[in-house]
Each structure stands twice: as structure tokens, then as C-alpha cells.
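Here are the chains, one letter per residue:
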Amino acid sequence: METMGATGTPMALLEIFDPKAAPRPIGIDLGTTNSLVARVRDGKPVVITDCNAEKLVPSVVHYDPRGRVIVGADAQRLAVDFPRETIVSVKRFMGRGADDPETRRLGPYEFAEPKTPEEAKSVRFKVRDRSVTPVEVSAEVLKVLRSLAEDELRSVGGAVITVPAYFDDAQRQATKDAGKLAGLDVLRLLNEPTAAALAYGLEKQKNGLFAVYDLGGGTFDVTILLLDDGVFQVRSTGGDSALGGDDMDRALAEKILEKLEVGEQRPRELVRFALDTARKIKHGLTNAERVEVDIPVGDGKQIPIAFTRDEFEAMIKPIVERTGVACRRAIRDAGITAEELDGVILVGGSTRVPYVRQYVEKLFGKLPLCDLDPEEVVALGAAIQADILAGSKERADEVLLLDVLPLSLGLETMGGVVEKILPRNTTIPAGARQTFTTYADNQTGFDLHIVQGERELAVDGRSLARFVLKGIPPMPAGLARLEVTFRVDADGLLSVTAKELTTGVEQKVEVKPSYGLTDEEVEAMLMAALDHGEEDLEKRQLIEARVEAERVVLATRKALVADADLLEGDEERARIDEALAGLEEAIRGTRAAIIRGRTEVLDEVTHGWAGRRMDRAIARAIAGKDVAAIESTVAQARGVEAHLAEHAGHNAPEGDASGTGS
Amino acid sequence: MIDPFQTLGVEARFDLDPDDLARRHRDLSRALHPDRYAGAPAAERRLSLSRAIEVNDAFRVLKDPIRRAEALLRRAGVPVGETAEPKPSPDLLMEMMERREELGDARRRKDLAAVHALADAIRLREREVLASMGRQFAVSDPDSTKLAAVLPELGELRYLRRFLDEASAIEEELSS
Numbered sequence: 110m111e112t113m114g115a116t117g118t119p120m121a122l123l124e125i126f127d128p129k130a131a132p133r134p135i136g137i138d139l140g141t142t143n144s145l146v147a148r149v150r151d152g153k154p155v156v157i158t159d160c161n162a163e164k165l166v167p168s169v170v171h172y173d174p175r176g177r178v179i180v181g182a183d184a185q186r187l188a189v190d191f192p193r194e195t196i197v198s199v200k201r202f203m204g205r206g207a208d209d210p211e212t213r214r215l216g217p218y219e220f221a222e223p224k225t226p227e228e229a230k231s232v233r234f235k236v237r238d239r240s241v242t243p244v245e246v247s248a249e250v251l252k253v254l255r256s257l258a259e260d261e262l263r264s265v266g267g268a269v270i271t272v273p274a275y276f277d278d279a280q281r282q283a284t285k286d287a288g289k290l291a292g293l294d295v296l297r298l299l300n301e302p303t304a305a306a307l308a309y310g311l312e313k314q315k316n317g318l319f320a321v322y323d324l325g326g327g328t329f330d331v332t333i334l335l336l337d338d339g340v341f342q343v344r345s346t347g348g349d350s351a352l353g354g355d356d357m358d359r360a361l362a363e364k365i366l367e368k369l370e371v372g373e374q375r376p377r378e379l380v381r382f383a384l385d386t387a388r389k390i391k392h393g394l395t396n397a398e399r400v401e402v403d404i405p406v407g408d409g410k411q412i413p414i415a416f417t418r419d420e421f422e423a424m425i426k427p428i429v430e431r432t433g434v435a436c437r438r439a440i441r442d443a444g445i446t447a448e449e450l451d452g453v454i455l456v457g458g459s460t461r462v463p464y465v466r467q468y469v470e471k472l473f474g475k476l477p478l479c480d481l482d483p484e485e486v487v488a489l490g491a492a493i494q495a496d497i498l499a500g501s502k503e504r505a506d507e508v509l510l511l512d513v514l515p516l517s518l519g520l521e522t523m524g525g526v527v528e529k530i531l532p533r534n535t536t537i538p539a540g541a542r543q544t545f546t547t548y549a550d551n552q553t554g555f556d557l558h559i560v561q562g563e564r565e566l567a568v569d570g571r572s573l574a575r576f577v578l579k580g581i582p583p584m585p586a587g588l589a590r591l592e593v594t595f596r597v598d599a600d601g602l603l604s605v606t607a608k609e610l611t612t613g614v615e616q617k618v619e620v621k622p623s624y625g626l627t628d629e630e631v632e633a634m635l636m637a638a639l640d641h642g643e644e645d646l647e648k649r650q651l652i653e654a655r656v657e658a659e660r661v662v663l664a665t666r667k668a669l670v671a672d673a674d675l676l677e678g679d680e681e682r683a684r685i686d687e688a689l690a691g692l693e694e695a696i697r698g699t700r701a702a703i704i705r706g707r708t709e710v711l712d713e714v715t716h717g718w719a720g721r722r723m724d725r726a727i728a729r730a731i732a733g734k735d736v737a738a739i740e741s742t743v744a745q746a747r748g749v750e751a752h753l754a755e756h757a758g759h760n761a762p763e764g765d766a767s768g769t770g771s
Numbered sequence: 132m133i134d135p136f137q138t139l140g141v142e143a144r145f146d147l148d149p150d151d152l153a154r155r156h157r158d159l160s161r162a163l164h165p166d167r168y169a170g171a172p173a174a175e176r177r178l179s180l181s182r183a184i185e186v187n188d189a190f191r192v193l194k195d196p197i198r199r200a201e202a203l204l205r206r207a208g209v210p211v212g213e214t215a216e217p218k219p220s221p222d223l224l225m226e227m228m229e230r231r232e233e234l235g236d237a238r239r240r241k242d243l244a245a246v247h248a249l250a251d252a253i254r255l256r257e258r259e260v261l262a263s264m265g266r267q268f269a270v271s272d273p274d275s276t277k278l279a280a281v282l283p284e285l286g287e288l289r290y291l292r293r294f295l296d297e298a299s300a301i302e303e304e305l306s307s
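Chain order of the listed sequences is A and B. Read left to right, the first sequence gives residues 110 to 771 (our numbering). Read left to right, the second sequence gives residues 132 to 307 (our numbering).
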């Protein structure tokens, strides 16, 4: 096990004591049961430990009577006595609305009744005298991970946070918001199975089909991944959100209570003790064939209790076999057979159990990959991706993760039917545009209801957002032309724009899915969390503006060396030099607004040149092939706004599907 | 309107090699994907996002024979879209209606094997229509008056596709 500090390598010590430490990227596995943070050191990903050399932070948050927040192992200990004030497995609540019936099933919590429709967009836990959203609870876990990383790295750069491959837009948005709220610059959300594959360096094999078998404390996920010439794609996912190592502990604890001849009356302490003992025995049986423990029963007496691995395996057999159902289904959904798989990766602490490994081997017909610690593998992959995104690795030329949309995105139309705008498995980033028309005479508004899922009817899908486009002048049915544009970025996050075309009056509405927080809300929450409110926020904004500005200056200077020949005349060069000098002067000052303003000026004057540089990058990427075609693309050299205006979706059929009227 | 062939830098023809197309998409993604610009100034990040969306969209169009054919016809100035094209033949409509009824019956009987068989037959037919369309494109291009001759087959292809989508939804429903 790696420890930092006195036993760390000289290199690591140097990093610790360097007062000008550059911000370093981190990767975070924000798990249902446990969370971890990792980073790349000397080209290798390593998990960051706390002062006790502990790697796992239990994803448990306790709110104490004095308004303090306790996170991790300490909170876990408090969960038994304060089940309502201690949020465990908050991940299960991410992106869920207040009216989501699932939420009641997921724990013993009290929920705050939403007072406004705005509040109803997110479930709120009622803990003591306050109400908190899952985003805020997750942010508490992330803050602890951030400070762990800061202790080691001094300065944390961007972060990659992992999410399950099946997470929908609302859940992803909530995760990203939690990152923001924890003060992290979220570089990217990464699918957990892809992270695991990255940690194993599978991309070096260029091609292959892999299954990722992830059995955690309380959840099971299986994912089939296709690696195609260095590009990862999720082919199918499946799982059981209420299946994991905790079920094994419970089965074993039952037997312990039986052996202790405990009757119907089961004091809470005793049950807790049995569960703790069960966990210890389970861990012991990973390496030993037989484990014996002495159970104190008062008066200094002890009862010895022993379990063999065979007994344990008989107990957990039905639990483990339930994973097989989901696996076979995922294989079928991917349109493959188990024999076609090139490898199986084990993820999650429960895959340490020897019986689970045997079962996986039998199920898939091959020995699973388990060289890396299954509990660390996702965080390690996230750290690698963060490192690549931060641009510090030559590896960037080898790996590219092309994710796909896990669920279809569409709009509700007449009769509650969903019109799919972007089907699932579309490579992201993606965009599409669809035109709708009015169905009633003199209709002056459009109700837009954005839905995610595969079902035909909107009521069966996941409602992401609703908004009304108003102000359409009265005209006969079918004459108005409403153009709706969907854009999904590389994190799988959606934004929707709508405008009415015929009248010449363009109206644009930018919507974020309901479960996300607006930037202002995040800002307000940050403000509330800081002790000195405004002052701290200003300081923070100054630091952020400087970091961003320095990054832009650096990138521009680099480009001036590499691509000076693409500048159009001395005039363009002079404008850029001037903007650079202005920005550098602002960085030396202390006004965040001026830094941001001048960053924008630099953006503005470099923007045509940036397009030409991107075209050169394209030409290099497909060097030698169809040079003429590329040059004609280069010649188009459009501006960003033109791109935004005419991007994608142009080939969507101009359907006459009627928008739902209002 | 952006030409997907131009965006991907490939020749505008119907019989594109899917592997070449995928390779070109990957090469372009390597150069353009927003991950490559994570540390870049905001304007460049926006530009990379738009370009990557364009490339992904072009790939999505060209991968799909129906949308690829539509793109080719549009380029040649032939109006496409179900309202612009000639009405499908009554024979085709009649036949598809019968097939769909059979599909509906199989669904009610929960007869997964029958659904598979129906889908397989249509898939075979789809392959035949695609091959024929490919030949038609090869002899007609770039003559737009001749190109219009592929329209009936394109219409048929859409019907077959819709049938297959429905069949796969039923397959999913019955096997869950």
C-alpha cells in the first residue's frame, strides 16, 4: 500500500513542498457506498489516502445538532443511532424529483414538502431543522475528497467524476452540479465501466469486446464495452440497483444471530454487532478456508463461532446467481454471445469474494481481469482521463473516449406520443433539429415537454423539462414553424433551444433540464456555505479568473509558435499581441471582472485563427487522404456563431408532427 | 445546409465502405473532440463542440442507407421527404399491412419465434432493396432526372425500416 509523507518518494516530497505547485488534475469515483480520489504520479495513477492511509471515504453524510456536517467513516458510525440525520447512498437519490415514488422506498428519511414547483424539481431531505438536496449532500462527500487531494497536491486542477453508464441526463446534471458546489472544476463526467477499462490500459489492444462486472456494496452493474480502434463505446448496460455485498453480510449475520440463539427480540446494537462481525468473517474468508471468532456475551464469557468458506458460499449462492440474469441480458442486448468477449473486468469490493470470481469465470467462460484492486479501478481510470484532459500526457494521441447517449431524447407531441429527436446510442456530442407546427388556429404558444427514455408515451418516460414558447402571432393551424434544437455535450448533458421561424420574430429559450441547478443557484449555495460570504466569493472568483486567463495566455503563446503561418497578415498578429498584453496586465491586477473581460477580448481576436488551426488539425488527422476535399472544408472557415446556427440536425426530416398546443 | 459528405471528406456516392467511413469518423473525432480542447480557451472549446457535433451528425447520416440516399438526392436537387415523393404503390401498402397484422398476432400470442421469422424475412428483403438501390445510384449519378428513379425504393425502405423497428421493440418486450 502506498503511503505519503516520510515514506513517499523524493519526487512526491518535492511536490508537497513546492510553494508554487501547479494545479493538478484528479479523478473521483463518487460511489454509492464508498468514494475515492486518485491522481497520476510519474505517469501512473494512484489513489490518494488520508492520514491513516485509508483510501475509501464512505459516502455517508451526517448532520449533527449543532449544524455541523460529518462525512465518511465517522458519519457511518452515527448512521445506526441517527438514521434520519445520516444520509447513506445519496447517489440513489441523484436527479430525482420530489414526487418520485422511488425516493420513499430508498431509505428511512424524512422529506421536505416542496413549496414551489421549482422546489419540486429535486427531492429534499429534511434533516434536523434544514432541508438539503442530494446535490448538496453529494457535494459534502466531494468536498472531503477535494481536501484529501489538496493535502497531497496543494493545488487541485480539474476533476473527472465517474457516473454509471446508465445515468440519465438529470442524474448526470446533478452530479456535475455537486462537483461545482464542492468547488471543483469538473472537466468531464466519465462512465464508470469506461474508466475501469482505461485503468487496465485496454485501449492499447485497439480492438475488442469487454464486459465490466461491477458488484459493489449495494448495487450491481454490468456493461458491455466495445473498443474499436482506440475508441470506447458502451454497447449495453444492465444491473440490479438493490444487490450487493450488503446482502451477503445480512445473510451471514442471520446465521450468527441464529447461532447465538437470539430470539424474536433483537436489540439494535446486537444486530449491528452481528453485521460488523459478518463483514469481518466475509473478509477473512477471502484468503482463509475457515474463520473463527469469539463473541463476547457478557460476564467475561465468550462463544466461539466458526464458518467455513463452503458454508459461506452456500449462503451467498442465490445472491450471486441473481447477477447472472442481468449479465445474460446485457450480452443479449449488445447483440453478442459470451464467447465473443475478449475480456471481463472486475469492479467493486464484493468481487474480492472468491465465489464471485468463480461464478464470473463460469458465466463468461474466461478468467476475469483482477490485477488491479477492484475497489480502486474506477478512480484510477478517472485519474488517467483527468490527466489526459489536462493535456499533460502524450497518451492523448492514443486514447479517445467516444461515449454514446444512454437513453433516447425526445419531445412530447400530440396525444402524448414521444417524437425521438436523438435516439439512444447516438455518439456524443450530438445535435439535432426538428421543426414542428401548430395544430390549432390562432395558437399563440407551444408547450414543450422534453422526455428521456425508450417508451412510446411521454408519461412512461423520464420528464426532463417543460417550457412554453410564447408570443407567436395568431395564424391558421399548421402555418407557424417552431424549430427545436437539441444539443448534447461530451458529458451527455442536454440543452434545448426553440424558435419560431415564419414571423421573422425569433424567440430563443435556453433550458436546462429540471433537475439541474442554475449557475446562480450554485453560486448562492456556495455563498451560503462560505463563512465570510461575499468577500470569500470574490477572492475565489479572482483565483478562478486568473487560472482561466493564464491557461488562455499559455495556449495562445504555444499556438503562436506552432501556427504563426496561419495568421492573416501582420494586422491579425498585432491585434492578438495587443490583447495578450492587455490580459497579462489584468492578471497582475486584482479585478476578476477585468480579467474575464480581457479574456473574452483575446477569445474574440483569436477566433478566426482558431478555426483555421482546427482545420489544420483535421487535415493532419486525415493526412494524405482526399486533400482536395479537406481544403474545400478549410476554405469554408466559418465563424463560431455560424456553426452554432447551422450545426447538426439539418437533415432531420421536416416533419409536420404537431407540437402539443397550449 | 451542410453536406455530410463534405463534412466527413468522403466521395458523394451511395456505396460507401462502412469501415472507411468509421475510420474517417474516428480520425476526425481524434482531431476535433472536445476532450482535445479541454484546456483550450472558451472560444476554441465552443468551436470544437460545434465541429464535433457536425462530424458526428454527418457520420450518423452517412451510416444509415436511408438518410445517405436522402443526402445524395438533396445534393442533386431531387426533393425528398415523404410529402415530396411519389405515393407508395397500393401493392406495397397492402403487403406491409398484412405483415404488420401478422406481427401483431405473433405479439398477442407471445410467439417470439414467429416475430424473429417475420423480422428475418423483412431483413432479407431490405438487403435486396439496398442492393438494387445501389445499382440504380451507380448508373444514374449525377443525372438528377434519372436519380428520381430510386425514390420508390427509398419509400419501400422506409416502410421496411419501420416494420423492423416495431419488430425489435416487440422482441424486446417479449424477451423481458
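Please keep in mind that the hints were generated in silico from the structure rather than gathered at the bench. All of these numbers come straight from a predicted model, not from anything done at the bench. Hints may contain errors.
Label pairs and their calculated CB-CB ranges [unchecked claim]:
id : chain 1 : residue 1 : chain 2 : residue 2 : range
1  : B       : 137       : A       : 475       : 42 to 52 angstroms
2  : A       : 554       : B       : 256       : 28 to 38 angstroms
3  : B       : 151       : A       : 588       : 41 to 51 angstroms
4  : A       : 467       : B       : 306       : 19 to 29 angstroms
5  : B       : 306       : A       : 480       : 50 to 60 angstroms
6  : A       : 632       : B       : 142       : 48 to 58 angstroms
7  : A       : 587       : B       : 217       : 18 to 28 angstroms
8  : A       : 228       : B       : 256       : 52 to 62 angstroms
9  : A       : 633       : B       : 151       : 50 to 60 angstroms
10 : B       : 304       : A       : 587       : 28 to 38 angstroms
11 : B       : 256       : A       : 584       : 24 to 34 angstroms
12 : A       : 420       : B       : 304       : 40 to 50 angstroms
13 : B       : 173       : A       : 565       : 32 to 42 angstroms
14 : B       : 142       : A       : 467       : 15 to 25 angstroms
Partial list, derived from the structure: chain A residues whose beta carbon lies under 7 angstroms from chain B [claimed, not checked]:
id : residue
15 : 409
16 : 413
17 : 509
18 : 513
19 : 538
20 : 539
21 : 661
22 : 717
23 : 719
Ideal placement from N, C-alpha and C gives every residue a C-beta, glycine not left out.
Hint by hint, which ones does the structure fall short of?
-> Hints 2, 5, 11, 14, 15, 16, 18 and 22 contradicted; others consistent.
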